[in-house]
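Each of the two chains sits in its own frame; use the hints to bring them together as a complex.
Protein chains in written order, with our numbering: chain A, 2 to 116; chain B, 43 to 279.
Just to be clear, a hint being listed does not mean it is correct.
Cut-off 25 Å, straight-line C-alpha distance, at most; resulting in silico cross-link-like pairs (DMTMM-like, lysine to aspartate or glutamate) [stated by the list, open to error]:
no.: 1; chain 1: B; residue 1: Lys154; chain 2: A; residue 2: Asp79
no.: 2; chain 1: B; residue 1: Lys154; chain 2: A; residue 2: Asp83
no.: 3; chain 1: B; residue 1: Lys154; chain 2: B; residue 2: Glu173
no.: 4; chain 1: A; residue 1: Lys15; chain 2: B; residue 2: Asp236
no.: 5; chain 1: B; residue 1: Lys209; chain 2: A; residue 2: Glu47
no.: 6; chain 1: A; residue 1: Lys15; chain 2: B; residue 2: Asp240
no.: 7; chain 1: B; residue 1: Lys90; chain 2: B; residue 2: Asp77
no.: 8; chain 1: B; residue 1: Lys269; chain 2: B; residue 2: Glu182
no.: 9; chain 1: B; residue 1: Lys269; chain 2: A; residue 2: Asp16
no.: 10; chain 1: A; residue 1: Lys59; chain 2: A; residue 2: Glu47
no.: 11; chain 1: B; residue 1: Lys128; chain 2: B; residue 2: Asp167
no.: 12; chain 1: A; residue 1: Lys15; chain 2: B; residue 2: Asp255
no.: 13; chain 1: B; residue 1: Lys60; chain 2: B; residue 2: Asp148
no.: 14; chain 1: B; residue 1: Lys60; chain 2: B; residue 2: Asp91
no.: 15; chain 1: B; residue 1: Lys209; chain 2: A; residue 2: Asp16
no.: 16; chain 1: B; residue 1: Lys86; chain 2: B; residue 2: Asp75
no.: 17; chain 1: B; residue 1: Lys259; chain 2: B; residue 2: Asp240
no.: 18; chain 1: A; residue 1: Lys15; chain 2: B; residue 2: Asp74
no.: 19; chain 1: A; residue 1: Lys15; chain 2: B; residue 2: Glu233
no.: 20; chain 1: B; residue 1: Lys209; chain 2: A; residue 2: Asp79
no.: 21; chain 1: B; residue 1: Lys160; chain 2: B; residue 2: Glu182
no.: 22; chain 1: B; residue 1: Lys90; chain 2: B; residue 2: Asp57
no.: 23; chain 1: B; residue 1: Lys79; chain 2: B; residue 2: Asp61
no.: 24; chain 1: B; residue 1: Lys259; chain 2: B; residue 2: Glu179
no.: 25; chain 1: B; residue 1: Lys160; chain 2: B; residue 2: Asp123
no.: 26; chain 1: B; residue 1: Lys269; chain 2: A; residue 2: Asp83
no.: 27; chain 1: B; residue 1: Lys259; chain 2: B; residue 2: Asp68
no.: 28; chain 1: B; residue 1: Lys128; chain 2: B; residue 2: Glu233
no.: 29; chain 1: B; residue 1: Lys259; chain 2: B; residue 2: Asp77
no.: 30; chain 1: B; residue 1: Lys154; chain 2: B; residue 2: Glu179
no.: 31; chain 1: B; residue 1: Lys86; chain 2: B; residue 2: Asp123
no.: 32; chain 1: B; residue 1: Lys128; chain 2: B; residue 2: Glu173
no.: 33; chain 1: B; residue 1: Lys154; chain 2: B; residue 2: Glu171
no.: 34; chain 1: B; residue 1: Lys269; chain 2: A; residue 2: Asp79
no.: 35; chain 1: B; residue 1: Lys154; chain 2: B; residue 2: Asp228
Think of the hints as simulated: they come from the structure by calculation, not from any bench.
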Amino acid sequence: MLNRIVVGAHYGLKDWIIQRCTAIVMALYTLVLLAILCVAQPGSFEAWRAIFGHGLMKFATFLFFISLFYHAWIGIRDIWMDYVTCTRMRLALMLVTLAVLVGYTGWVSLILGRL
Amino acid sequence: MTTPRTLQFRIYRYDPDKDAAPYMQDISVEIDDHDHKLLDALVKLKAKDDSIAFRRSCREGICGSDAMNINGRNGLACLTDISDLKTPITLRPLPGLPVIRDLIVDMTQFFKQYHSIKPYLVNNDPPPERERLQSPEDREELNGLYECILCACCSTSCPSFWWNPDKFVGPAGLLNAYRFIADTRDQATSERLDNLEDPYRLFRCHTIMNCVDVCPKGLNPTLAIGKIKEMMTRRFV
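With the rest of the complex left out, here is chain B (with noise of 0.2 Å):
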């Protein structure tokens, strides 16, 4: 037996071939007791009005395309809990990127900051065998890095990255800069201490943590950060 009942939701409305601007829509959506998370809302307001656009894939908090800005805050919408939200839920896409439409934003400049950093390992050594080996202590290190999903929660809640996302690498691209930094079997630890070191592209971040206060991962940008710096300080103190 379920009890159904109703969620009321404020969402940023956009369709850039037929709105002239953005504007807020009052709509509301039955839910039982089986829907948990705010996606299962979202995909009931979807078969209600199926002009509502937001990105979703694998609900279940590890492709990151469902982010969003839920009640001023970002955060996956497969991963929020309805009852931890006060209503009416206010769902806006995530700041400081171009809109494509509704709750869909352009990643571009996300994913290009994220590429500059180079990330994937470089070795010139010949491949061994099987596998490029580690100790379980160098291994540990990647831990709290390797997990980043590139759901753009963190960046987007960034005001340096606001301001300069063409210039300053974000926190999602740090902590992906920093896993590579630490990483044992890399050999290129010089040039992308180089390739961060400048007034823009890093030290932008002013430690404010909006970063570590959104990761719907629980990772801690603001510490990888604070790592680089260190790490340059020591090659050049």
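Chain A on its own, in the form it takes in the complex (with noise of 0.2 Å):
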């Protein structure tokens, strides 16, 4: 293959948003957390659940999971762009870390679905 440089793949704006977007549900939620928390100040086991089992929290929970992990898709993406140079290793390491992410989302999906 020719050894040239090839730029201009047409996207990068709406991940850009999106790592914006995602930014914001997280510190919400943080803060709305941390709210929650103060108010209710859960002391045992029963009591955290209770908080979590809540549907409106469940929602929030999966939400801001899914923002953590798609903001994180974009960056760990983008240290890959960085520093790895060969085009193979670097599919290949952007494969593995969409794996590892996506199973996270099942992951979390089944905490939140026993609760």
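If you want it as structure tokens, here you go:
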């Protein structure tokens, strides 16, 4: 293959917007959670479970983790793009990252579903 | 009556024709009260040891040719006050670019990126008799952009440019890209945004603002990059 520099993938803006939106979601969730914990002051497993077992809290927690994983995906992908110059290695690392993050999403779903 | 004093330097030396590897040379030079800027001392140093190579031209911060890494920070020798520097003054070439000799770097990659953003006005209307006019408000937007002297202090202090100098346009190139995107006389705004919408060309900027920190002209490439992203968002959303 010719060793020419190729750019012009015409993406990046959506990820940049999503990274900012997910950061806002995570910041809001953290503030709300801190407020709830300050008010409820859970001292037992049942009390913690009651907080996270509420339907709205389950949804918010799931949204937080989805935001976290998408945010992490963009950040880690950027690290691979910065430091890994071999295209095959970069693709492999991206796939591993995706697999781990999708796995985490499934794991979060299982935990929240059991509450 | 002038008071002579000795200034200590540690200078990066490398002559590919003679040296197997780069090394740091300790050297001192006598300066007097008339020598205020680092370039004044370097000119005296050059008179003492003419094998030391560095670029300089206008000696007043306009040509941008004497950009170098001064005590770990990029800057122009002609604008840097000797009194602000700790001694020994450590001088290295701009980081991230291939060294031609001593403090002289090969800026081909830097200018390739600059040329890639088409740094000229694109306007297909027939030229008016005198000039293409702008309102004072439209002209105001170009302040802080057109002053860039392409010294490369910003781009060579940017880690994203160190890792991907062949793909990332770099702060200087992006500042100049916005200079033409913001110009109301330019008719290629959409093409310019298309040209930059790329994970490498624009989105390698992670807003760490090293560029703003070192710009010897006090410009803000991060702000210009942010405005490009804002314009892309306005176009997209």
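Consistency of the hints with the structure:
no., hint, in the structure
1, B:Lys154 - A:Asp79, "holds (23 Å)"
2, B:Lys154 - A:Asp83, "holds (20 Å)"
3, B:Lys154 - B:Glu173, "violated (29 Å)"
4, A:Lys15 - B:Asp236, "holds (14 Å)"
5, B:Lys209 - A:Glu47, "violated (54 Å)"
6, A:Lys15 - B:Asp240, "holds (11 Å)"
7, B:Lys90 - B:Asp77, "holds (15 Å)"
8, B:Lys269 - B:Glu182, "holds (15 Å)"
9, B:Lys269 - A:Asp16, "holds (17 Å)"
10, A:Lys59 - A:Glu47, "holds (15 Å)"
11, B:Lys128 - B:Asp167, "violated (55 Å)"
12, A:Lys15 - B:Asp255, "violated (28 Å)"
13, B:Lys60 - B:Asp148, "holds (18 Å)"
14, B:Lys60 - B:Asp91, "holds (16 Å)"
15, B:Lys209 - A:Asp16, "holds (18 Å)"
16, B:Lys86 - B:Asp75, "holds (13 Å)"
17, B:Lys259 - B:Asp240, "violated (28 Å)"
18, A:Lys15 - B:Asp74, "violated (58 Å)"
19, A:Lys15 - B:Glu233, "holds (18 Å)"
20, B:Lys209 - A:Asp79, "holds (14 Å)"
21, B:Lys160 - B:Glu182, "holds (22 Å)"
22, B:Lys90 - B:Asp57, "holds (18 Å)"
23, B:Lys79 - B:Asp61, "violated (30 Å)"
24, B:Lys259 - B:Glu179, "holds (22 Å)"
25, B:Lys160 - B:Asp123, "violated (35 Å)"
26, B:Lys269 - A:Asp83, "holds (23 Å)"
27, B:Lys259 - B:Asp68, "violated (30 Å)"
28, B:Lys128 - B:Glu233, "violated (47 Å)"
29, B:Lys259 - B:Asp77, "holds (22 Å)"
30, B:Lys154 - B:Glu179, "violated (32 Å)"
31, B:Lys86 - B:Asp123, "holds (15 Å)"
32, B:Lys128 - B:Glu173, "violated (50 Å)"
33, B:Lys154 - B:Glu171, "violated (34 Å)"
34, B:Lys269 - A:Asp79, "holds (21 Å)"
35, B:Lys154 - B:Asp228, "holds (22 Å)"
Hint check: violations occur at hints 3, 5, 11, 12, 17, 18, 23, 25, 27, 28, 30, 32 and 33; the rest are consistent with the structure.
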